[in-house]
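Using the sequences and the hints given, assemble the complete structure.
Number of protein chains: 4
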Amino acid sequence: MIIVLKQGVTDEQIQHVIDHVEGLGFQAHLSRGTYRTIIGVIGDEERLRSEPLSAIPGVASVIPVLPPFKLVSREAHPEETVVDVSGVPVGGGYLAMVAGPCAVESLDQMRRIAEGVKEAGANILRGGAYKPRTSPYSFQGLGKEGLEILRQVGDEFGMPVVTEVTDPRLVEEVSQYADMLQVGARNMQNFVLLKEVGQVDHPVLLKRGMSATVNDWLMSAEYIASKGNSRIVLCERGVRGFDPAMRNLYDVAAVPAAKLLTHLPVIVDPSHATGRPDLIPPCAMAGLAAGADGVHVEVHDQPESAKSDGAQALRPHEYRELMRRLESLAALLHKQIPRPVERA
Amino acid sequence: MIIVLKQGVTDEQIQHVIDHVEGLGFQAHLSRGTYRTIIGVIGDEERLRSEPLSAIPGVASVIPVLPPFKLVSREAHPEETVVDVSGVPVGGGYLAMVAGPCAVESLDQMRRIAEGVKEAGANILRGGAYKPRTSPYSFQGLGKEGLEILRQVGDEFGMPVVTEVTDPRLVEEVSQYADMLQVGARNMQNFVLLKEVGQVDHPVLLKRGMSATVNDWLMSAEYIASKGNSRIVLCERGVRGFDPAMRNLYDVAAVPAAKLLTHLPVIVDPSHATGRPDLIPPCAMAGLAAGADGVHVEVHDQPESAKSDGAQALRPHEYRELMRRLESLAALLHKQIPRPVERA
Amino acid sequence: MIIVLKQGVTDEQIQHVIDHVEGLGFQAHLSRGTYRTIIGVIGDEERLRSEPLSAIPGVASVIPVLPPFKLVSREAHPEETVVDVSGVPVGGGYLAMVAGPCAVESLDQMRRIAEGVKEAGANILRGGAYKPRTSPYSFQGLGKEGLEILRQVGDEFGMPVVTEVTDPRLVEEVSQYADMLQVGARNMQNFVLLKEVGQVDHPVLLKRGMSATVNDWLMSAEYIASKGNSRIVLCERGVRGFDPAMRNLYDVAAVPAAKLLTHLPVIVDPSHATGRPDLIPPCAMAGLAAGADGVHVEVHDQPESAKSDGAQALRPHEYRELMRRLESLAALLHKQIPRPVERA
Amino acid sequence: MIIVLKQGVTDEQIQHVIDHVEGLGFQAHLSRGTYRTIIGVIGDEERLRSEPLSAIPGVASVIPVLPPFKLVSREAHPEETVVDVSGVPVGGGYLAMVAGPCAVESLDQMRRIAEGVKEAGANILRGGAYKPRTSPYSFQGLGKEGLEILRQVGDEFGMPVVTEVTDPRLVEEVSQYADMLQVGARNMQNFVLLKEVGQVDHPVLLKRGMSATVNDWLMSAEYIASKGNSRIVLCERGVRGFDPAMRNLYDVAAVPAAKLLTHLPVIVDPSHATGRPDLIPPCAMAGLAAGADGVHVEVHDQPESAKSDGAQALRPHEYRELMRRLESLAALLHKQIPRPVERA
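Going down the list, the sequences are from chains A, B, Z and Y.
With our numbering as the guide, the letters of the first sequence map in order to residues 357 to 700.
With our numbering as the guide, the letters of the second sequence map in order to residues 357 to 700.
With our numbering as the guide, the letters of the third sequence map in order to residues 357 to 700.
With our numbering as the guide, the letters of the fourth sequence map in order to residues 357 to 700.
Simulated from the structure, these hints should not be mistaken for lab results.
If you're wondering where the values come from, they're calculated on a predicted model, not measured in any experiment.
Any given hint could turn out to be false.
Which copy? The list can't say, so a pair holds if one copy fits it or any two copies do.
Keeping only pairs whose Cα atoms sit at most 20 Å apart, straight-line, the calculated EDC-like set for lysine to aspartate or glutamate is [what the hints assert, rightly or not]:
hint, residue 1, residue 2
1, 362, 529
2, 691, 677
3, 362, 435
4, 474, 440
5, 362, 375
Laid out in structure tokens, this is it:
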């Protein structure tokens, strides 16, 4: 931590800062420059971080030196973590290919789509049962019935399933049905929910919030990890941008930026990032090329009558074409797309 | 709803769109332009909104014409709503002056600060008991003990109290202590929480999310209202910006923009919007001048040792000076700052 | 300047950094922390700034301590500068009320509008002769004829005139007609143009670029000042935002933020910031309340047939009403709105 | 163009809008919905665009249907344009690999770097002679001497050269030395400069502005094309973002989004987009994978002592490694990296 003092700070003020810092049990290291004086603070930055040092008179700014997370950091754990999703490894050279409809609508719908995406090469099936919708008047998901359908279809096709949990009271229920729990972008800083998913043993798919920095995102992962669950897969899905041509601004550079800081796998979701089927394939390819550990795509066989976000879904045959391209790119990058384990 | 068709759309595709729209029970109104063909869709736009029309082949884009909220809209309810916060009216010419520390730390701390802000003219006391902190290692609030202190001090000083609720399971508990429930920026689209606060009878202070459009924000208010609770006060607190000079980008124009669309009161929070004590007074003044129905300010008497966000708090004497300026501006604008009702 | 070294930096690398810094003529001040080592660099930060220190192996980041501008900074010149615009003082308690159409269209149009805005209380007349338009097919301004009309009407009504200059080759020509030169938002980092307006003796109205930080903006003012012209008035006119409800995001907090850093006057332009006549009056009020030294508003008497940006113009009677409100706010704030000097 | 009328619009107002539109020579097509009335306007949208229709009483909003550019649009010209840069084709399956230092510093420096990047596979050499720097006190480039060095080194190594032009008065001079003219991000809406480069016969590298939408960017290309020069290569180089971890926010989705709208080639510049050497390789790969027609990278052999932007430059051996990866990706995508033509 570095404390930069204001121009014209008095000696008394400097001494007050030093006393304050030392009173907290840290060492202060004074350095007078030509124009400004700075104080280096030596000790456990973690603990220091929560002290409101910039409120002290004479202090111009306080500059942290260490990243604020530790369990999820590369510094603490240099090798890449491989997260096991009921037999499908993710990270460390293994790619998650997550596909399925935005919302579970019916058993038939899920079966048709699961068949299509599995044939195409997907290894994890997605489908929303509890949907966080911007409007209270939109379809909110089938709830528990949706979970049952998802589980049943996952079992029929031998695919692990991921679904979003939005309510801390339902983490246990959702965990009974799903192999992996998704925390959505709008809940990335719903710390109550993060703590709850930190207490189950399921892998968690943590989407990046729409205005979250890479640091914010990793801090949310740290929340989960701090409760004991380190089986976390991060997912970049676009941040808020200014161009109405796209739903969000796909921040592909956040993938390598995050992977340099954390040992956790990072996948991309070009469906939500762009909201446009014509941009999903190029953005999926870009994600893999940037080093992502997988691709999450929404697929629907009847987008015209989908109950949620149909307009941004790929059709199964489009997904199949995309998977052919992703497979060849994966081979070039020496990455593997594992097949789900057959369960007897 | 207006459907714009792609250039080169075929007559068959046009007919398919018309059939689809009419099959849903709407009227379609075709209009062939020089370069583009459009279809006006007539009927209940609310219902139409959830149909994925842009997934239909030949459709270039779908343009809604009506705003997506209704209970909270000015169109539905032209007069300004006055929200009663245990005797303090907010809106319709009455200004909420909300002040207090970021977090409740102790009974003494709350008493000292409450005394200072009440004398200065504040009419609602704030203090956090359950704190949503970016880091799992930061102080998370005193919890229930914090609620008890806040209630006791509110009673001692005759001020209604507002505190944040972050967990749907605690809405009932928090409601037993607080006069007003705050939904924080990070939870603005925590729809599970919104539905829960929509089912109590307490007024709700709904902060704007960091990347929420005015429409998104009003949709979140609509969530609460749709569950039966229309006692909502909106609060602008800055959106994510690109300039590191300020914590957030204070969107003062959102105040009149929101007030043109909704009958609900809208207040401003320059403390979170700027994160800088030196910018809080000018931004508070700007908020009132732009038409805000109140100002929310964090005040701490010992910012240097505050357990949360001390660096952005005003000291009581600074708050007093600010209130003098706000009072004279309120008088100029013909607005009143009500005093809390003495309760025997 | 503070150099933060990477974790695991070697002693050799540290020595290399120190040698490098000292080789440039600076002092290096080493400070080893628990987790990180930092080097304080002491000397002329200005000169150091252009050195690519972060490219040196082992360096994690380089943190400047001083703001990068000096001629325009408060530190160099603590009192507020008053810029004289042909007899109208701006800054230091004097408010510029700039009004007029987006573009000069004809002598009659300018006369009608000048009459309206002068009666309403404006003290500087604006009108564009060379228009920077997003489309090459839009009206590009009357050019020299526009300058002649503007000058003539300014003289008839005894108002100084401001107009935009977009071409370094025309700075001299425009200076012959205008009292004040405007550098538009799109040209805020057109350094060639900045250097050119820095060499004339006219006051300059420097609009903030759409994605400029406050520092970037002040650096552009520094460009002008570094060429010898310090008669600069800054103008906040909105930055790029994500909400389609408004044309730009009005950054009212940038006004006090800039004024804390610079001695130059800062005015606001709610017309371009919001693009909506219904938001201009509240945002103009907000600007003054936040400490702005004036308000720039586009006014047109026939917005329906304006050749440029008619949709965002106030009508003269709306401007008159706004001026009544601004005058009463100015009185409250102890600011004066000077009248233009009558010239015989 | 679609005109949406306000709720409660009167019949008189509707008639006034229709009369206005028809008075301009367009057809008006009225459509009364359940809640809103709309008017479709039929005719040359280009001409209509500059009419301030939204200023007419009763008009809620005006929605354009056609994109505002034509010469550069795919609709006007469906096949991809191949831009010839002195023998190096760009676009239509041919990839531009542009590399070189930020600034030309000396003949020796340019020779060493040119040798390195040519061996690595670059086909166009870059180097700045006139540098647009944020600070007036930073190195501003060698000017004409820089142009001479760049030309000489380009000739020695048989590579076409690109350099930035920032001053409309120097377009002719720069054209005498360079094979391709760069218009930088800060000048993307310097329309005076765009018109000037539209009048020479050299290919133009048009960087995207930091807050430009894809439409804005293509409109700037349209400016150049409208003056007669259609030899334009677009370059995505990051937009302003909120995360201090990266210099800009690399908008890789803008590449396919732009290519769907225009026939012009689009390349990427991960050096400026990220400002971090560790992110350049993954982002370069992502750009190609997303469909870019080339990659622009800054390379310096002594970044520690570079006079401009050294911290974001790759070293020659890092560029060589990156080129190996880009070549294998290009092969997978069936794209070619042409070698510069040897000129006798």
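* **Hint check, failures only** => 1
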